[in-house]
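Student: Here is what each chain is made of, one letter per residue.
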Amino acid sequence: DGGITQSPKYLFRKEGQNVTLSCEQNLNHDAMYWYRQDPGQGLRLIYYSQIVNDFQKGDIAEGYSVSREKKESFPLTVTSAQKNPTAFYLCASEDGGHGKNIQYFGAGTRLSVL
Amino acid sequence: SQKIEQNSEALNIQEGKTATLTCNYTNYSPAYLQWYRQDPGRGPVFLLLIRENEKEKRKERLKVTFDTTLKQSLFHITASQPADSATYLCALDLGSARQLTFGSGTQLTVLP
Numbered sequence: 209d210g211g212i213t214q215s216p217k218y219l220f221r222k223e224g225q226n227v228t229l230s231c232e233q234n235l236n237h238d239a240m241y242w243y244r245q246d247p248g249q250g251l252r253l254i255y256y257s258q259i260v261n262d263f264q265k266g267d268i269a270e271g272y273s274v275s276r277e278k279k280e281s282f283p284l285t286v287t288s289a290q291k292n293p294t295a296f297y298l299c300a301s302e303d304g305g306h307g308k309n310i311q312y313f314g315a316g317t318r319l320s321v322l
Numbered sequence: 203s204q205k206i207e208q209n210s211e212a213l214n215i216q217e218g219k220t221a222t223l224t225c226n227y228t229n230y231s232p233a234y235l236q237w238y239r240q241d242p243g244r245g246p247v248f249l250l251l252i253r254e255n256e257k258e259k260r261k262e263r264l265k266v267t268f269d270t271t272l273k274q275s276l277f278h279i280t281a282s283q284p285a286d287s288a289t290y291l292c293a294l295d296l297g298s299a300r301q302l303t304f305g306s307g308t309q310l311t312v313l314p
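As given, the protein sequences belong to chains A and B, one line each in that order.
Using my numbering, the first residue of the first sequence is number 209, and each one after it goes up by one.
Using my numbering, the first residue of the second sequence is number 203, and each one after it goes up by one.
What the hints contain is simulated information worked out from the structure, not anything from laboratory work.
Just so you know, not all the hints are guaranteed correct.
[Unchecked claim] Cβ pair distances, simulated, as ranges:
1. Arg-252/A - Thr-271/B: 27 to 33 angstroms
2. Pro-314/B - Gly-224/A: 45 to 51 angstroms
3. Asp-269/B - Glu-223/A: 46 to 52 angstroms
4. Arg-252/A - Leu-213/B: 22 to 28 angstroms
5. Glu-258/B - Leu-219/A: 18 to 24 angstroms
6. Thr-271/B - Gly-304/A: 26 to 32 angstroms
7. Thr-220/B - Tyr-218/A: 35 to 41 angstroms
8. Asp-269/B - Thr-285/A: 41 to 47 angstroms
9. Leu-322/A - Pro-242/B: 22 to 28 angstroms
10. Ser-231/B - Thr-287/A: 34 to 40 angstroms
11. Ala-269/A - Val-247/B: 41 to 47 angstroms
12. Lys-217/A - Pro-314/B: 26 to 32 angstroms
We treat Cβ as the ideally placed atom computed from N, Cα and C, and that holds for glycine.
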């Protein structure tokens, strides 16, 4: 069953705690992305990686960190420096064939602050 | 700076009618434009892509137009059904940066 798997579906963070959101893909895509979605708003880019062992900051990277040690995995850590982490987090991988940049999304992780 | 605008208000239509959603952009010359569907609590799902040199693209009951002069794309769902109720997002590429920028979406409700 191919696709993007995000876990957990729901996550709660305590004050001062770092939490890590998992994203795994078996689509053999090189590029992967993390977005944040707030109610009634579009997707805002946090970080992206176009190849293993390389990643770039997006528009709202402050308070977040990522790693890309394997092609299949792109975990996102929400650090204690992110003061307003409550949001819906979406991971995507990209089929860049023929210059199309079509993105395939996971089911999302909803993060709340306790 | 770049800006993408979609119908800011929710759109309600009667079953069987054609739904038309609008995506306007400024300060862009995108090579293509994409439309995605997002259901509540789920990730977006790709629907259609239209390139800058294409005027119209169709897929079953879906039709997308792309007017690079007006900097506008229209997304049509013909013979709409309650199952079409969802939020629809448009997305544009940034060319050499190979990133998509998403609009905030239009929430469509098809009433039975």
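Student: What hints, given by number in increasing order, does this structure fail?
Tutor: Going through the list in order, the structure violates hints 5, 11 and respects the others.
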